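Taken in order, these protein sequences are the chains called A, B and C.
Quick note on numbering: the numbering used here labels position 57 of the first sequence as 57, and the sequence is numbered without any gaps.
Quick note on numbering: the numbering used here labels position 29 of the second sequence as 29, and the sequence is numbered without any gaps.
Quick note on numbering: the numbering used here labels position 533 of the third sequence as 533, and the sequence is numbered without any gaps.
Quick caveat, the hints were computed from the structure, so don't treat them as lab data.
Since we're looking at a predicted model, the values are computed, not measured.
A virtual CB, placed ideally from N, CA and C, is assigned to each residue, including glycine.
Honestly, I wouldn't trust all of these hints.
Said to hold, decoys possible - Within a straight-line C-alpha distance of at most 20 Å, the following computed SDA-like cross-link-like pairs (lysine to any residue) qualify: (1) 41/B / 8/A; (2) 54/B / 42/B; (3) 41/B / 20/A; (4) 54/B / 150/B; (5) 41/B / 678/C; (6) 41/B / 296/C; (7) 54/B / 90/B; (8) 41/B / 51/C; (9) 41/B / 32/A; (10) 41/B / 45/A; (11) 54/B / 58/A; (12) 54/B / 88/B; (13) 54/B / 161/B; (14) 41/B / 316/C; (15) 54/B / 38/B; (16) 154/A / 123/A; (17) 54/B / 6/A; (18) 41/B / 124/C; (19) 41/B / 130/A; (20) 41/B / 119/C; (21) 54/B / 154/A; (22) 41/B / 128/C; (23) 54/B / 56/A; (24) 54/B / 15/B; (25) 54/B / 8/A; (26) 54/B / 32/A; (27) 41/B / 449/C; (28) 54/B / 89/B; (29) 54/B / 74/A; (30) 41/B / 121/C; (31) 54/B / 68/A.
Stated by the list, open to error - Some but not every residue of chain C turned toward chain A, in silico, with C-beta under 10 Å: (32) 79; (33) 80; (34) 212; (35) 260; (36) 291; (37) 549; (38) 552; (39) 553; (40) 652.
This is what each chain is made of:
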Amino acid sequence: MPETVELGFAVNGRPATVRVEPRETIADVLRERLGLTGLKVSCDAQVCGACTVLVDGLAVSGCTYLAIDADGRTVATVEGLATDDRLSPLQQAFIDEAAFQCGFCTPGMLMAATALLAENPTPTRDEVVAAIDGNLCRCTGYVPIVEAILRAAKAAR
Amino acid sequence: MIPRFAHARPGSFDEAFAAFDAAGGDAAWYAGGTELLQVMKMGLARFGTLIDLKGIAGLAGIAGDDAGGLVIGGTATHREIERSPVVHAVAPALAALAAQVANPRVRNQGTLGGNLCFAEPHSDPATFLLAAGARLDLRGRSGRREVAIDEFLVGPFATTRAADEILAAVLVPAAAPGEGRAYEKIVFRERPAVSVAVRVRVADGAIVEARVVVGSMTDVPAVVAGAGAALAGSSADGGIAEDSLTAAAEALARLPAEDDLDGSADYKRHLAGVLFRRAVRAAVSEALARA
Amino acid sequence: MIDPRDPGRSAVPSPIGERVPRRDGVAKVTGAARFTSDLAVPGMAVARVMRSPYAHARIRSVDTSAAREVPGVVAVVTAADLADVHLYYGHALADHPLIADGVVRFAGEPVVGVVAEDAITAAEALELVRVEYEPLPVVTTVEAALAPDAPVLHERAAEERPHRGFEERIERDHPNVCSTARQRWGDIAAAFDGADLVVEGTYRYPISYAFAMEPYTSIASWADGALTVWSSCQHPFMVRDDLARCFDLPQSRVRVIVPFVGGGYGSKSYTKIEPLTAALALRARRPVKLALSIDESILTTRGDGAVVRIASAFDLDGHLRGRRAEILLNTGAYAENSPLVGRKAANRIAGPYRIPAVDVTCRVVYTNTAPASSFRGFGAPQGNLAGESQIDEAAERLGLDPLELRRRNLVSPGESLWPGVRGMDADLDADVCLVAEQLDWWSPPAPGRGRAIGISASDAGSEPVTTSVVRVGADGSVTVTAGSTEIGQGSSTVLAQVAAGELGVQLERVEVLQSDTAAVSYDRSTGASRTTTLMGLAIAAAARDARDQLVGWARDTLAAAGGGVEETHGGVLADGTFHDWGAVVRAWFGGAYGEVIGRGYLRREGATAAMPPFWEIGCVGVEVSVDEETGRIRVERLVTVGDVGRAINPQLVESQDLGAAIMGMGMALGEELIWTEEGALLGGSMVDYRVPRASDIPAVTTLLAERGDGVGVYGAKGGGEGALNPVAAAVANAVRRATGVRLREAPFTPERVWRALRERDFGDG
């Protein structure tokens with residue numbers, strides 16, 4: 001029997017307990033054990049950012065972050081952005097600016113933007129670009145994504 | 001996918017060594033895991049046990065030492081280095097470099113210690129720290145030893161760290177009066193294609209010593225002695241003498257290099273020259289400001 | 001809802017032309033949107049594939065005995081285990097075995113499939129499989145593959161299939177030529193003999209990877225001898241038909257369901273891993289999910305790289321007299337859709353100019369590299385780099401403004417590019433002028449910068465074969481069924497807009513059910529920029545059919561005998577009283593229930609008889625700067641024009657144009673897959689394949705040109721690929737103007753630029 005460990009962490013504000021093998025990534029656990037399939041796995045090499053998830057507020061590549069390292073921490077995914085079925089200003093801004101097409105990069109982009117705005121609520125355009133420069137999007141050409149993040153920042157003021 | 005492994009999370013150095021022994025030596029330390037887990041996923045490395053160093057308090061943190069230098073804990077992340085006031089004060093080029101490593105996620109998760117131990121030939125920090133003359137604090141069962149980074153990095157993905165030694169801290173010397181340090185890189189894909197780190201010390205308006213390191217082009221970042229020697233003696237005030245720069249560039253042009261996806265050897269040597277000029281100018285600027 | 005200003009009309013405003021927010025928005029920003037990779041079915045097992053390390057080899061033996069013994073392994077499958085399956089599929093040439101059949105033709109070809117309870121067990125079992133290969137000689141470039149003594153990749157001629165997209169037989173003049181396409185008219189010899197200027201050159205376009213961020217993923221499930229497949233694919237009906245053929249099933253017993261697709265760009269057109277997944281499920285007797293990684297996806301489908309030798313002949317006043325071109329496309333180990341890409345490459349290099357004589361040959365060549373297939377632009381970008389570079393070269397040599405030279409040669413609206421094709425349904429002159437104006441063409445750029453304009457016209461739309469069903473229920477709400485897939489282009493939104501507009505109902509009351517071959521009626525494909533135009537026409541036809549029936553129903557049930565019924569917006573006027581469609585349905589059925597079923601068929605007839613269904617225009621302008629120390633090009637400004645006839649949803653058009661142009665910029669500046677001579681792919685992962693990022697993006701202006709000149713509803717034409725086509729040449733031409741160097745090999749990496757600059761300065765490269 002492979003060795004397993006029981007983990008407890010908070011996901012989107014709620015406690016979660018899972019028994020995992022050490023080799024399981026946070027992406028594996030979120031998607032397959034907890035049914036949170038918003039996080040996507042694309043390049044699997046920490047380049048594209050589709051798997052961006054926040055652990056204690058910091059953006060990490062879910063595809064290369066061991067679930068076991070999230071033990072006792074807070075994990076935030078795209079499913080936690082809306083509250084009581086109300087979209088967050090950032091999510092609404094993505095819709096208003098059409099900042100998505102196929103949508104596969106979108107959860108990762110939203111989490112990268114969430115981390116940025118939590119730390120820097122009034123980013124310049126250059127700061128937004130730097131914050132998402134590690135998140136690839138193959139569909140949009142990025143312009144509407146940058147606009148959406150700036151719009152959300154403005155809305156929050 | 002990552003192959004199966006057992007896991008341990010020791011709370012102290014003693015517990016760490018005990019876990020290593022319990023694994024029969026088929027174990028690897030990790031902190032961020034950004035490089036280790038990636039190569040395991042790719043089937044290029046395999047370990048029976050991974051031992052998490054993040055629970056050892058003595059490995060965390062960034063502080064100044066009594067001589068005005070830096071003690072960067074083995075598990076300090078690139079992000080922590082980027083934001084550390086003491087790093088900004090002692091080695092601003094290192095903070096700037098840390099802000100440009102890979103991407104934000106790698107910077108949040110990855111550690112300087114892990115980066116140096118993994119010894120990727122394209123490592124940004126290794127290149128800079130070689131120019132800066134950093135030393136490494138290694139802990140083993142029998143105690144502590146300190147080694148110059150020149151003697152630590154010995155080949156691609158190869159260091160003189162014994163498998164059961166832990167990199168406890170990176171010791172970055174303070175910038176002496178009149179000393180400046182700079183780092184320039186060019187990136188075409190994910191990793192730097194070529195990078196250059198320069199440390200100069202000026203006195204009375206002239207460069208009295210210089211160290212030039214080229215990274216990403218060779219198996220290990222390379223100290224280019226000829227370039228450092230060519231700069232020594234050159235004026236610094238009002239611009240560096242053109243013939244010094246040319247002589248230094250010639251030394252760079254003799255660097256061994258391989259053709260790869262980032263470019264041919266010739267082209268990379270050319271880029272090294274371009275980056276060298278930019279880095280020298282920046283280092284001399286800082287040096288003059290500190291003179 | 002009655003319009004108080006006119007009781008005879010519904011007051012519902014039409015959503016046609018409106019920037020309606022996308023319907024899939026909430027799902028995609030909340031993470032609720034499901035892609036095939038997110039799906040699971042009860043009892044599902046997981047598959048992994050062992051791939052050949054050799055680029056060309058015979059398979060001597062496969063030993064799977066140890067793998068089969070691993071607890072948790074459900075099945076281990078090779079070609080030998082599939083005697084009851086037709087292994088070879090391919091909608092143009094059935095040359096592609098779903099798993100290697102005695103020989104491997106590229107490094108990465110699937111050889112063994114393992115099905116297990118979970119992925120780690122499958123991966124561990126695969127490590128126990130032993131395959132012995134007998135290496136064969138390898139060719140990885142078109143030149144090597146066409147050498148007289150080159151190893152032959154396909155000894156047996158494959159069956160030509162009816163879905164290849166063109167009528168003529170597939171022609172090959174060398175065993176490694178997969179197909180040949182020609183385009184010829186006029187007297188080419190005379191054109192060149194009498195020319196005042198002949199410009200010649202050889203151009204190279206990279207082997208590219210579409211990088212759809214969702215990797216290829218399929219789930220297959222057998223029940224009672226019927227097959228259901230969920231797949232991240234663009235053409236569910238094409239896949240269905242291939243599956244039916246592989247497994248000897250009637251098409252009605254194969255169901256292909258496509259949820260949201262995480263990027264397609266043509267790379268998910270036609271059949272990919274579905275037959276393999278279904279074969280694994282067949283042997284496993286369980287539903288099976290095969291989810292490839294991105295690295296495996298790179299090895300599954302890539303874009304055609306090209307070598308183009310071209311010559312264009314001009315008169316002194318800049319009029320084109322003739323164009324000759326030889327295009328060689330490197331299609332990799334299997335034909336896939338490259339015969340059609342080749343056909344289109346040959347067609348598209350000749351335009352969009354009036355050229356009295358043309359002689360183009362395009363040969364599609366097999367090599368021992370990953371298979372190439374459809375990719376955005378589809379043969380146009382490859383030829384456009386050559387053709388549009390030549391226009392600027394000629395302008396320079398003739399002392400003419402490159403914009404002016406283009407204007408002298410662009411075909412006029414209604415004029416055919418070559419005999420027998422639909423006249424140009426676009427005002428190309430107006431398009432280039434729009435771009436020029438936006439780009440400040442007539443004022444000089446800042447020092448060190450250069451500008452260029454590029455244009456392309458593609459015979460797009462593939463075939464106008466599609467159907468749709470529009471159902472209006474007792475409450476007046478509308479269900480549209482459409483075979484189109486939602487690959488990010490916004491089909492789920494725009495098709496609802498068409499239906500709402502055609503029926504005069506509120507957009508919120510229209511639901512579109514898509515891409516399930518059992519639940520929706522036939523659509524050929526989602527590609528070739530055809531969906532808004534052609535599915536739009538089918539929906540309009542279905543809506544008209546529904547309305548016609550409803551008018552008849554109203555006559556029968558709502559008007560007094562001899563009274564009048566008149567169709568109006570959103571309903572009917574029966575004896576002067578307005579009834580919306582729901583009221584008509586209820587009246588006809590005699591209660592609070594019922595439904596009308598409107599059917600729309602589209603084929604080559606009437607407005608869609610002429611081919612192509614429409615011309616897809618690409619018109620861009622760029623301004624670039626070059627760091628001469630490093631050779632790095634930066635695109636500083638980008639202008640695009642979406643000449644789409646009518647933008648049913650302008651937001652969607654602008655989104656597509658920007659995305660396409662940036663993708664083109666990627667191939668112009670840094671995207672390239674490189675194989676070694678031994679057939680190994682160098683760096684086949686996103687660590688090494690460099691697509692554009694947020695910091696690469698220029699200042700952008702996306703314009704729309706709506707002249708109502710398309711065959712689609714409201715005068716619409718297709719878009720989504722056009723803006724990619726002319727980008728590489730525009731960048732090359734702009735770099736020429738900025739630095740004086742002429743780049744002919746894309747991507748224009750910093751090193752290639754640096755070498756060209758050295759050549760300029762020192763005469764050495």
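Checked hints:
no.: 1; hint: 41/B / 8/A; verdict: violated (25 Å)
no.: 2; hint: 54/B / 42/B; verdict: violated (24 Å)
no.: 3; hint: 41/B / 20/A; verdict: holds (18 Å)
no.: 4; hint: 54/B / 150/B; verdict: violated (26 Å)
no.: 5; hint: 41/B / 678/C; verdict: violated (25 Å)
no.: 6; hint: 41/B / 296/C; verdict: holds (14 Å)
no.: 7; hint: 54/B / 90/B; verdict: violated (25 Å)
no.: 8; hint: 41/B / 51/C; verdict: holds (17 Å)
no.: 9; hint: 41/B / 32/A; verdict: holds (18 Å)
no.: 10; hint: 41/B / 45/A; verdict: holds (9 Å)
no.: 11; hint: 54/B / 58/A; verdict: holds (16 Å)
no.: 12; hint: 54/B / 88/B; verdict: violated (24 Å)
no.: 13; hint: 54/B / 161/B; verdict: holds (19 Å)
no.: 14; hint: 41/B / 316/C; verdict: violated (62 Å)
no.: 15; hint: 54/B / 38/B; verdict: holds (18 Å)
no.: 16; hint: 154/A / 123/A; verdict: holds (10 Å)
no.: 17; hint: 54/B / 6/A; verdict: holds (18 Å)
no.: 18; hint: 41/B / 124/C; verdict: holds (13 Å)
no.: 19; hint: 41/B / 130/A; verdict: violated (28 Å)
no.: 20; hint: 41/B / 119/C; verdict: holds (13 Å)
no.: 21; hint: 54/B / 154/A; verdict: violated (38 Å)
no.: 22; hint: 41/B / 128/C; verdict: holds (18 Å)
no.: 23; hint: 54/B / 56/A; verdict: holds (15 Å)
no.: 24; hint: 54/B / 15/B; verdict: holds (13 Å)
no.: 25; hint: 54/B / 8/A; verdict: holds (18 Å)
no.: 26; hint: 54/B / 32/A; verdict: violated (26 Å)
no.: 27; hint: 41/B / 449/C; verdict: violated (45 Å)
no.: 28; hint: 54/B / 89/B; verdict: violated (26 Å)
no.: 29; hint: 54/B / 74/A; verdict: holds (17 Å)
no.: 30; hint: 41/B / 121/C; verdict: holds (15 Å)
no.: 31; hint: 54/B / 68/A; verdict: holds (12 Å)
no.: 32; hint: 79; verdict: violated (28 Å)
no.: 33; hint: 80; verdict: violated (31 Å)
no.: 34; hint: 212; verdict: holds (7 Å)
no.: 35; hint: 260; verdict: holds (6 Å)
no.: 36; hint: 291; verdict: holds (9 Å)
no.: 37; hint: 549; verdict: violated (36 Å)
no.: 38; hint: 552; verdict: violated (41 Å)
no.: 39; hint: 553; verdict: violated (39 Å)
no.: 40; hint: 652; verdict: holds (8 Å)
Of the numbered hints stated above, those contradicted by the structure are hints 1, 2, 4, 5, 7, 12, 14, 19, 21, 26, 27, 28, 32, 33, 37, 38, 39, listed in ascending order.
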